[in-house]
Amino acid sequence: MKLYNKYLLALGVGAISLASCHRDLLSPVPKTSITDASAFSTPSRVSAQLLSLYGAMKAGNFYGGRYLIYGDIRGEDFINETGNLVTGSDVWALNPTNSATGVINLWSSAYYTINCVNVFLEGMANGGNAVVGDATAKKYIAEAKLVRAVSYFSMLQYYCRPYADGSGSKPGLPLRLTAIKGAGASDMARSTVAQVYDQVLKDLNEAEADLPASYTAASDNVTRAHKNTAIALKSRVYLTMQNYAKVIEEANKIVPASAPFKAATGVPNTLNASYTGIFSTYTTAESIFSMPMTSTTGDNPGTQNQLAYYFSPTSSLGGVGNGEFSLNQSGIIADATWLTTDARRSFVKKTTATNGTIKYWLTKYNVGSPYTDWAPVIRYAEVMLSLAEARARTTNSVDAQAVALLNAVRTRSDPSTVFTTSSFANATELVNAILKERRIEFMGEGIRNTDLLRLLQTIPAKGTAQSKSPSDVGYIWPISANELALNTLCTDN
Amino acid sequence: MRKIAIACLCLCWALGALAQGKTVTGKVTDAKDGSPLAGVSVTVPGGVGVKTEGDGSFSISVQANAKTLVFSFVGFETATLTIPANGVLNVSLTSSENKLDEVVVVGYGTAKKKEVTGSMASVKGSTLATKPVQTFDQALAGRAAGVQITIPNGVLNSPPVFRIRGTNSISLSSYPLIVVDGIPSYTGDYSQTASAGNALANINPNDIESIDIAKDAAATSIYGSRAANGVVFITTKKGRQGKAKVSYAGWVSVNKPFRNPEVLNANDYIAFKTSAVANNPTASAIQYLPSYDAQGKMIDTKWADQVYRDGISQSHNVNVSGGSDATTYYFSAGYTDQQGILRGNNFKRLNTLLNVDSRINKVVTIGGKLSFSNEKNIAANTSGSLNGSAFNTGGLGRLAIVLPSIIGPYNNDGTYNINGSAIGSSNIKGISSLSYYNPVPLLDLNNSSSENNHIQSNAYLQIKPVNGLTLKTSYGIDYLLVDNNIFWTPITGDGYSYNGYAWSGSDKYTTSLWTTTGQYDRTIANKHNLSLLVGNEQQRRTSQRYGIQRQNLSDAAYNVIQAGYTTNNPADLFLGENYLLSNFARLSYNYDNKYFIGGNYRRDEYSALGEKKGDFYGVSAAWDVSKENFWTKSGIQKTISSLKVRGSYGKVGNIAGIGDFSPYSTFGSGLYGGLATLAFSSVGNDKLKWETSLKTDVGLQIGFLNDKITAEVTYYNNDINGLILNVPQSPSTGLPSSPPANVGSMYNKGIEFTVNAAVINKRDFSWNTSFNITQNKNEVTALAPGLPYILQSTSGLESVNRTEVGKSLGYLWVVKTNGVDPETGKRVFVNSKGTNVYYQYYAPTGQFNYSTTPDGTTKYVSPTGATAISQAADAVMYANTVPKIYGGWDNNFRYKNFDLNLMFTYQTGFYVYYGTNAGLHDQRWWNNSTDVLTKAWKSKGDANMLYAKPVYSDNVSNGSSMPLNINVFKGDFFKFKNASLGYTLPSSLLTKMKLASFRIYITGQNFLIATKYPGPDPEVSSNGNTTIAQGVDRNTAANAKTFLIGLNVGF
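Here the protein sequences come in this chain order: F and Z.
Position 150 (the first sequence) corresponds to 150 in the working numbering; numbering is contiguous.
Position 41 (the second sequence) corresponds to 10041 in the working numbering; numbering is contiguous.
Because the hints were derived from the structure by calculation, they are not lab data.
No residue lacks a Cβ here, since even glycine has one placed at the ideal position from N, Cα and C.
A portion of the hints provided could be inaccurate.
Said to hold, decoys possible - Some residues of chain F that are not near chain Z, with every Cβ distance over 10 Å (derived):
#1 166
#2 184
#3 370
Said to hold, decoys possible - In silico DSS-like pairs for lysine-lysine, Cα to Cα no more than 25 Å straight-line:
#4 Z:10689 - Z:10638
#5 Z:10935 - Z:11012
#6 Z:10613 - F:31
#7 Z:10429 - F:359
#8 Z:10112 - Z:10527
#9 Z:10112 - F:31
#10 Z:10687 - F:181
#11 F:202 - F:139
#12 Z:10612 - F:468
#13 Z:10527 - Z:10594
#14 F:350 - F:468
#15 Z:10112 - Z:10464
#16 F:349 - Z:10429
#17 F:31 - Z:10816
#18 Z:10859 - Z:10816
#19 Z:10638 - F:31
#20 F:31 - Z:10594
#21 Z:10749 - Z:10816
#22 Z:10638 - Z:10594
#23 Z:10429 - F:350
#24 Z:10938 - F:181
#25 F:181 - Z:10689
#26 Z:10938 - Z:10816
Full structure from sequences and hints, please.
Rendered as structure tokens:
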């Protein structure tokens, strides 16, 4: 009996142990993420996926900060203060290498956005459409295509020769249009610049067709794409391609022939009465498209990517940033025709350090850590000035509508300077005035680089940085070293 | 009834003996530390014996004609001694640690060392207990063949780089599996802050009985999918029968910085930097002017003195052990408070351990262990020395050398010298910000600490229903709770742009483990020894964190996370789980202890894999030649007293570090302007499986002169296949992460040699020496298709380690130089085609930065059209970082009551990239090494200069902007790791003092090093345990040298 008990005890121990295997624990389901198998299974997941495309575009390395910053610091109006390669001192000096932080990260961030769009489009076709219904699906797909268009267009500005150099015949970008979800798709050759522009316009045209005219939530009219967004972006793309007739065609859809300049269809985009107000009230009708920020981690640009961090001086000088770039004292701020009474001058802050050093800073973005200034993608004022420039160039005259458009932008901030057709001797003077207006109006909004390159102008010297003519190495960026290493079909610039 | 009868019989016999004999009394102690030994059997040859009491004393009655007594005890050499006339015989027994009849832990059981057919090494806990370390693994360097330990930096409680037989993975962990009393422990750094937090610090080195290191497939395969990096078994001390025995061990030590670089003083700095400015016309606005303190004295700051200190440390441990026939116990409590050489870096531990075993009856035994440890890993500010922090602008190791000596930590009004986040530039004119931080306010105001509460416990039930059969089930838990806290002051430094910053993360890691085994041991016909083990094990681990990050401090006086801030965010939350289900078996057989064979098999199923099931095995055989008749008869045994050959082969795996949800591609939650998003966030692989290691091992053990000298030589080959690499896809694919795949392969092979010798063994003087050497060759044989190399960066900025097929891991990939041109002082780079390219930072009109001629007038154009030298185009695979040879040499001397230990470690055949040296010769405002005064080019004709003509702002010529071969040095070293001199009070004195034992000792650690390496210490790793980025010394705070005085007392 005793022996029997022993065996029973032993057997019991063994049996309990084996019986207690929890085989279900071998296939745990993630509780903090959604697996790809069910990512498009509900309307809210599809909608959240769509918003993630904007979210990808909003990354600090892309439209959340650095894309705009690079666009300005490549130009002549800023001086690098910290010599930090991580914060773009090489981009400023126009000599970044293939493995430079900016070159690598903008490339991967933009392509991540593009692939997210492609994955979204595929997921919609494979069931997402049915989940949300065809009407909603069409709008969603249009929004996705717009995000893809912006991404490709943005990359063209840094990595490729301007369209004007050989009418887009130079090497463009690998044109990724299908979803990639795993290994094995590394190789793809670069299309031509023109082919990429064609795709950008195709996406924007298709987007314009299917996008909603407006949204019910006012903030969505700024943070999500609507018809006017696609139109406005097309005016920018055509201007960059020097296709001025098409600029006029697109801009005319939302800019009336005469004042008041206000979009007649869709969202009633127009100039905001106050220039400075655009950068504190982010959802005015002037902001056609902006990247929204909140103070929650992951919903703002993150460390060393923020507009205010780069442009605003340190708090010891009364700013909120890190003073990475000051304003070039011989740049546009030295221009006497930009009057001190101009409202836009209120964003130029003069500081005097304890040792007497005087600096000027751009304080257009002035929200401190965690830096929640919204990042502007495109404003109505740009469409107006693009239209003005296109008219001046196509008519090759001091076009009255062009002057009126320029005046509208100028007098909003500087009522004392009123241009008339007699202010300009010829079309060139008018165009130059418009270009100067763009430097003033959009300083810190990332378009200076495109304005220089689209016209094949030399990038002027500034501080210790040398100038770069269109034929110089450094006029455009090299291709990401990581791309060259892993994509055997990709060539460097 | 039966017991009483036996006792009576004994008593009668003893009384009878007494009547016609004499009584011998005395005391038995441990020769090593003089502590009393209880339970030693004292016998008359051929007669009956007694056991010593708790205080080591014995009293035995012997016949009048008895001449000798035999003293024997497990783990000690048996001593046969003559009975002196006065009948008092005090004996000290020598530990038999070099002997083959020891017991070793083999996984789910123990085995006699002589029966073990796998490759194992053992280290006694006592050799580690008195060392001034935070964790035992730091003290293992040089103590066993095949074991490589590198202390990565001078931050307290940094996990060492721990490798057994080379680095055996690329993306997964190469740290061995550490099994503590049967439970696989957490390993690695669990601190998320600027302090280091080795998870193994919960084990008080004083509580360790033994460390057994399993190296080959035979010894490790019982741990299947986790065995590829070797398995280390830690056994904590258990109680021994006898009266309660109390002992105390304590020490006090002082740590000092070690071989820090010398940088320019104020006068030299001004002169040298001014000359550099003169060489750069674009920098004419820059002026280096002295500053003066309130007394009018020129400021000449030794920044190293602001950052480093002499750290005072202490450790105290008390333990009690004892037990009855049925129940034994060991209870210990320890306290240590250690100061690092970096200001603000402290380590404090409070720990307790209770081990209890109780035999309820002949059949059933129960027991268990409960250990609790509280460890505080404290740092004020980042050291810049932990993995990922090498380029921190606040890195203390870096600030100590980069900051100019002409600026001070304070202004003359007593306030901190700061300029926003940076240090104030004082009288340096023309530079708006130095951008580096003032370490003093950071050390005063910041804090960064990680506190671990670690519970390890288990309980077991063991049943022996019939003779030879043991059934055991045990349940263990390992709870590691980590509280991380970081606070950055808003005044300056990293917290400045946040206007005050705090981050806290509360981590919980739990392991529960249920193991059930059945073992059957049987000897048939006295010759056939058979042992069979079968078992089932389930291990479940969960991990999680609550984290919060806060910014914009409400009040300047606050410095804790719980205070007021205006911006609040959840931070770094995670939730993970995995499950490992295993069945295993082991069969070992030997014939007459002469011929041995063994086999292990384990099937693991692991939740984090796509292909969950894996089968692992190891087979082995051994032949004890010296047991053969021909051997014993031949007489050779007098010279070669033992000889054994063995071999093993098997397959094991590695899963350490695979993400819990690797099989899945996932979409993660994010935000867009406050709205929820769901973004493609991770690429999985549903075919993912473990990495496999095919291990071959052939060894020979030989003993000479009655095993006074023993030696072991082993050849091993470890072929690793299916290495998991996160295979990078071209960035234009837009994938959110690199998908993992089993694609790589490599091998480690080598030879280990160990020799132990009792060189001198006299009554008053002995010398035991142990020497080991390991030669290892590592080579990567395959990476992923389309992946020609893997670059691993140091802290995300500088990539000097490149892993390529055909080379060892983490090869140094640098641009070659051809010295400095004597005529012009220009750095001469060597481009990819071997052409000299002359570089000048400042190019006058008509000249170029890079030129093919020394005069700078011929523009350099590379074969691909570039006009500059770059790492991508011109770097070469230059030197290996994996040591080819390493080992240790340990010597123990005893002269009467004095003992002396001299321990040396060495590593050779490897190179270190001394990246710090690039910074030390950077021609921005950065302070420079004093050697620029003699080794930098000054004027035409200066030949053989190491550094280029100083040109202000030049960060290219000496290696800051890309890694150059001038900063690669041989790392070979021979280190005087440890010297200890101890004195043990003689037992005559002890009796008077009513003490059982008393030993006092002094120790010096790390105080001498023979190396040609110019940095502080070639034994360094800026990238921690990263497998493919060893051999980098970038801004690292070096190791300390330590002097210690300690005391061990037994009561």
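- Tell me, which hint numbers fail for this structure? 2, 3, 4, 9, 12, 14, 17, 19, 20, 21 and 24
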